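Enquirer: Starting from the known structure of chain B, arrange chain G on it as the hints suggest.
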Amino acid sequence: MADLWRLSISEASEALARREISSVELTRAHLDRIEDVEGRVRAFVTVTDQDALREAEAIDRRRAEGEALGPLAGIPLAIKDVLCTKGVRTTCSSRILEHFVPPYDATVVARLRAAGAVFLGKTNMDEFAMGSSTENSAFFPTHNPWDLNRVPGGSSGGSAAAVAAGEAMGALGTDTGGSVRQPGALTNTVALKPTYGRVSRYGLVAFASSLDQVGPFARSARDAAILLQTIAGYDPLDSTSLNAPVPDYTAALTGDISGLRVGVPKEYFGEGAEPGVSAAIEAAIETLRGLGAEIGECSLPHTRYGVAAYYIIAPAECSANLARYDGVKYGLSVRAGENDPTAATREAGFGDEVKRRIMIGAYALSSGYYDAYYLKAEKVRTLIRADFAAAFERFDVLVAPTSPTVAFKIGEKVSDPYAMYLNDVYTIPTNLAGNCGVSIPGGFSDGLPVGLQLIGPNLGEAALLRVADAFQRATDFHTRWPESLGGRSKSRKRH
Amino acid sequence: MSIDRSVVDHVARLARLALTEDERDRLATQLSSILEHINVISEAETSAIEASANVLPSMDVMAADVARPSEPTAALLANAPAQEDGFFRVRAVLEDE
Chain B
1 MADLWRLSIS EASEALARRE ISSVELTRAH LDRIEDVEGR VRAFVTVTDQ
51 DALREAEAID RRRAEGEALG PLAGIPLAIK DVLCTKGVRT TCSSRILEHF
101 VPPYDATVVA RLRAAGAVFL GKTNMDEFAM GSSTENSAFF PTHNPWDLNR
151 VPGGSSGGSA AAVAAGEAMG ALGTDTGGSV RQPGALTNTV ALKPTYGRVS
201 RYGLVAFASS LDQVGPFARS ARDAAILLQT IAGYDPLDST SLNAPVPDYT
251 AALTGDISGL RVGVPKEYFG EGAEPGVSAA IEAAIETLRG LGAEIGECSL
301 PHTRYGVAAY YIIAPAECSA NLARYDGVKY GLSVRAGEND PTAATREAGF
351 GDEVKRRIMI GAYALSSGYY DAYYLKAEKV RTLIRADFAA AFERFDVLVA
401 PTSPTVAFKI GEKVSDPYAM YLNDVYTIPT NLAGNCGVSI PGGFSDGLPV
451 GLQLIGPNLG EAALLRVADA FQRATDFHTR WPESLGGRSK SRKRH
Chain G
1001 MSIDRSVVDH VARLARLALT EDERDRLATQ LSSILEHINV ISEAETSAIE
1051 ASANVLPSMD VMAADVARPS EPTAALLANA PAQEDGFFRV RAVLEDE
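Protein sequence lines, in the order shown, are assigned to chains B and G. Quick note: the first sequence uses this note's numbering, first residue 1, plus one each step. Quick note: the second sequence uses this note's numbering, first residue 1001, plus one each step.
No wet-lab data here; the hints were simulated from the structure. Treat the hints with caution; some may be incorrect.
Claimed, not checked - Among chain G residues calculated to face chain B with C-beta under 10 Å, some are:
(1) L1014
(2) E1036
(3) E1050
All values derive from a computational prediction rather than experimental measurement. Virtual Cβ for every residue (Gly too), placed ideally from N, Cα, C.
Next up, chain G with everything else stripped away, as it sits in the complex:
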């Protein structure tokens, strides 16, 4: 399976990466080469095998319903690039017409 530029463009959009032209060309070559190696797994016989999403036994983990203090808002917002009135400030999604 070879990865061409259109696949790179599509995946970059899914991954929210604004790649440069050079990066797109380079990734098309590198991802093709990596996938060539990775394709060895198609040789593994897995028709009767269940998938392991993780290694722990499946279980629900419930926390006790006990109120406890949270970190102060100011401390949690201290790393925000932009904030206003105790909230993250983001670019408007919907503008007034």
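The shape of chain B in the complex, shown without the other chains:
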């Protein structure tokens, strides 16, 4: 079988079960693909090729012995370098953690490992997940497979680019203000942010603890459902983990969305969106209507305060969380003579954006400003939650663009931090409110992918995936491959 890296997880899973292919063959195909394109894409901070082949051999052996294995057994995946992997360095794309090797696995990694997944390596990101372009990596920028001169989005840009380029069949990212969905939109992948608490954060290096959530990248809704199924669920090691039953996500993919009430929040169709993005989203809404969904307008009136509230709350939490990097327990340690070694370590170890956010957060929490900034932002958060609660009384899911723009050029926004922040204007409110969202391939604008965002209520992931899957049965956007990387550019076979 040629070009194994083009298979979807569900296709490969069936081929593995029928023993038409082995996990070693599948893993080698991905390592070869990485060899082939990684010099141009630069999605990985660390490639664990030897470990991956050993894991693949072990799975093939277990299968040969007749063991019943699940859908992720032998499937090669990539993990964002913010999730702890036992024995494999976990850098957060930061100098301060450049040589950090965790003594344990994050719960999501442990669950994938138990399901037999093969780990190809750790993916590049904006340092400590702070950014929307992956240009804030302390090591190197990642390039968008659809146009190598453009960013893949961020902060989970490495995971998104790896999946889009065929370097991995699926990946994990983290989404604090859009860091899964926005790179998903910019790279034509399916990228899901689960409800806060749906997926364990144990072993996820903390950025903003009331907002962070782990989510999957894949090339189809079905594959995303398979990944979510494995990582979702209660974890006693995370006190914010929800103790709620996990539904059968693939069983929800019925293809039937007739009568489903789909809301279109008018505030997400403002002047900020590029015309090509708006046009693609409007066409996608017509596709949903054609599938029998009932489309209606709704309002999320406090949307205009979302970015501001986020850029107080997230930096405030980050300034507290990143206090742990003191040069004593782990990570970089700088001696500074008579000066404060912790301050010197942090000066040498953190990049510009991380320092900027620590400063914003420390300022917003400092004496005299707490009420005007932090407390005010938390009240706005209540208003944004109420907006969504009212909308979900009338609608099952909401539909909107994921990002106001397609992928922008590398370097285009680095000099204007707030312009970069505005790229997350349509994803941030969902993090503030805690509910779920997914970005799926929604069309193209001048050859660049446009992400269609579906937003669901708390624990509404099954409905989101059903809509995403129904949309993918009616469209072929998700089956297209970027041509800039070479290889035959035929459409992927649909399942």
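Expert: Same frame as chain B, now just chain G:
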């Protein structure tokens, strides 16, 4: 609200960041500009609104009081920049006179 150098110096001290002179100047400009955008939230009517520190219902989370093995000390100390006799080694806070 504009951020001047003295505010930057104060906050940098709170945040334990030994910033360079260039960084301090640049941050004064950038933080002022970011705060200008962020100040839009002062327009939100919130007088009767409770704050949401997080999105979960308030509750105590208790773990069962069951002993279980912890990671070995050596594994947990393996990343320490300096260690001695199974402890993190730090700079002395109080020296003998």
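Enquirer: Could you work out which earlier hints the structure fails to respect and list their numbers in ascending sequence?
Expert: As far as the earlier hints go, not one is violated by this structure.
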